[in-house]
Each structure stands twice: as structure tokens, then as C-alpha cells.
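Each chain, letter by letter, is given below.
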Amino acid sequence: DVKVTQSSRYLVKRTGEKVFLECVQDMDHENMFWYRQDPGLGLRLIYFSYDVKMKEKGDIPEGYSVSREKKERFSLILESASTNQTSMYLCASSYPRGASGSHEQYFGPGTRLTVT
Amino acid sequence: SQQGEEDPQALSIQEGENATMNCSYKTSINNLQWYRQNSGRGLVHLILIRSNEREKHSGRLRVTLDTSKKSSSLLITASRAADTASYFCATWHTGGFKTIFGAGTRLFVKA
Chain A
1 DVKVTQSSRY LVKRTGEKVF LECVQDMDHE NMFWYRQDPG LGLRLIYFSY DVKMKEKGDI
61 PEGYSVSREK KERFSLILES ASTNQTSMYL CASSYPRGAS GSHEQYFGPG TRLTVT
Chain B
1001 SQQGEEDPQA LSIQEGENAT MNCSYKTSIN NLQWYRQNSG RGLVHLILIR SNEREKHSGR
1061 LRVTLDTSKK SSSLLITASR AADTASYFCA TWHTGGFKTI FGAGTRLFVK A
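Each protein sequence line maps, in turn, to chains A and B. With the first letter of the first sequence counted as 1, position 2 gets the number 2 in the working numbering; the numbers rise by one all the way through. With the first letter of the second sequence counted as 1, position 38 gets the number 1038 in the working numbering; the numbers rise by one all the way through.
Just so you know, these hints were derived from the structure itself, not from any lab. Note that beta-carbon positions come from the ideal geometry of N, C-alpha and C, so glycine has one too. Keep in mind that a hint or two might mislead.
[Unchecked claim] Here chain B is said to cover these stretches of chain A; the calculated rule only asks that three of the stretch's residues, wherever they fall, bring their Cβ under 8 Å from a Cβ of chain B:
hint : region
1    : 30-43
2    : 105-113
[What the hints assert, rightly or not] Here are some chain B residues pointing at chain A (derived, C-beta under 10 Å):
hint : residue
3    : Asn1030
4    : Gln1037
5    : Gly1042
6    : Ala1090
7    : Phe1097
8    : Thr1099
9    : Ile1100
10   : Gly1102
Next comes chain A alone, as it looks inside the complex (with noise of 0.2 Å):
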């Protein structure tokens, strides 16, 4: 089974504190991407990779950076946290797209960020 970790299922943190969250997989997926979740919102794309060391903005990349050194780690990073980052933010991985589209992502539990 494809496992995807997050390294904390709640953060606290304090406003203009940099934060640093963490996503592994086990499946060798090439595409790697970070969303965050808001009610009736649904979830927005942050960032994306579909390689190691390469990285694409998404919809929300305001306030957020990302890295990805070895393919089955990827991080997000909010360089200063603000009270508006509070959320619930979603790491997930996926095959490369094929001829037909994406492939299905798998997603992990979650981090629920409370920024005070």
C-alpha cells in the first residue's frame, strides 16, 4: 500500500514564525504536491513537483515555499507565518500524468496548523 506521512497532525505556532512542514511517501511517485483546505473552499494547489529539485507554483503560492530534495521527501515552508495560513494543509502523490490525465494521488492524514 502507498503510505504518505505528514510529520505533525497539529501545529501551534506564533505569527512571523517560520514553519516547516513535512511529507514523505514510499511509493516512489514522481509528483508530489501540497494543498490546503479551508471550509467551502475545498482544497487549493499550493505547489506541485513532478521531479526532484524542480517545483510548480499553484494557485495559493503567496506566502509559501517549497523544497524537494530527494523524491520521496517534499516541504513546505511558510517563510512567516500569519494568522491567515491557519488551515489544514494536505500533502499528496501521484504516478506522472499519462496520456488520458492524472493518475489517482494518494493523500496523507493532514496537518491542522493553528497560527495565534
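Put chain B on the given structure of chain A with help from the hints.
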């Protein structure tokens, strides 16, 4: 803009009844996927239907796709309390580079 939008936003039914959720999208797609999310957890993939398919089954799940109406439906037959969750459709549109998720339908199955 969101590609997939689910309807209804919330649904409450009795155990044993069928649950139907709908998803509409705006532009041509290559495939459409349905996911389930239990409260406070990550999403779990349920089923994928390609743009050249009209119907697909998986256990108690039945998905239909009508590309002319740009809509899909997810039917859960003989629902159980354990089916209580949020259900999301996700679309990969033609020429796109990412999967786009809708806001989800919250299903509550009463025992």
C-alpha cells in the same frame, strides 16, 4: 476558478438508502475522479472515470459521466453509517497540468 462543483453541499439519509451526489464542471476533461474524506483525515481515492467512459462501477459505487452536460454523479447504494464522510470530485481538464477539486458534498448516514 473551480473546475468541479458538487451538489448538494450536504446530504442526510437513513442507513440503507441510496445517496446521490452530483458534480458539474466547466471545460473539457480527460478524466474525473471521486474521493472520500473522513472527518479530519486525508482524502482517499474512490474511482476514476475517463472522458470516453459513460459509467463505471466499484462495489456499491456507481459513477456516471455525461460530457455533453459536463456533469458526473456518484451513487452509493445501500448506504451505511460508515459512509458518513465528505465526497469530492476532481477533474483533469484537457491541456491542463493539475487536478482541480471541488468543495465537496458532506454526507451523513443515520443509523
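Hints, verified against the model:
1. 30-43: With 5 residues in contact (Cβ-Cβ under 8 Å with chain B), the coverage given for the region 30-43 of chain A holds.
2. 105-113: holds (count 7)
3. Asn1030: Constraint on Asn1030 of chain B satisfied, holds at 3 Å.
4. Gln1037: 8 Å, holds
5. Gly1042: Status holds, d = 3 Å.
6. Ala1090: OK, holds: Ala1090 of chain B within 10 Å of chain A, min 8 Å.
7. Phe1097: With a closest approach of 8 Å, the Phe1097 of chain B hint holds.
8. Thr1099: 5 Å, holds
9. Ile1100: This hint holds: Ile1100 of chain B lies near chain A, its Cβ roughly 8 Å from the closest one there, short of 10 Å.
10. Gly1102: Where the cut-off is 10 Å and the nearest Cβ of chain A is about 5 Å from Gly1102 of chain B, the hint holds.
In this structure, every one of the numbered hints holds.
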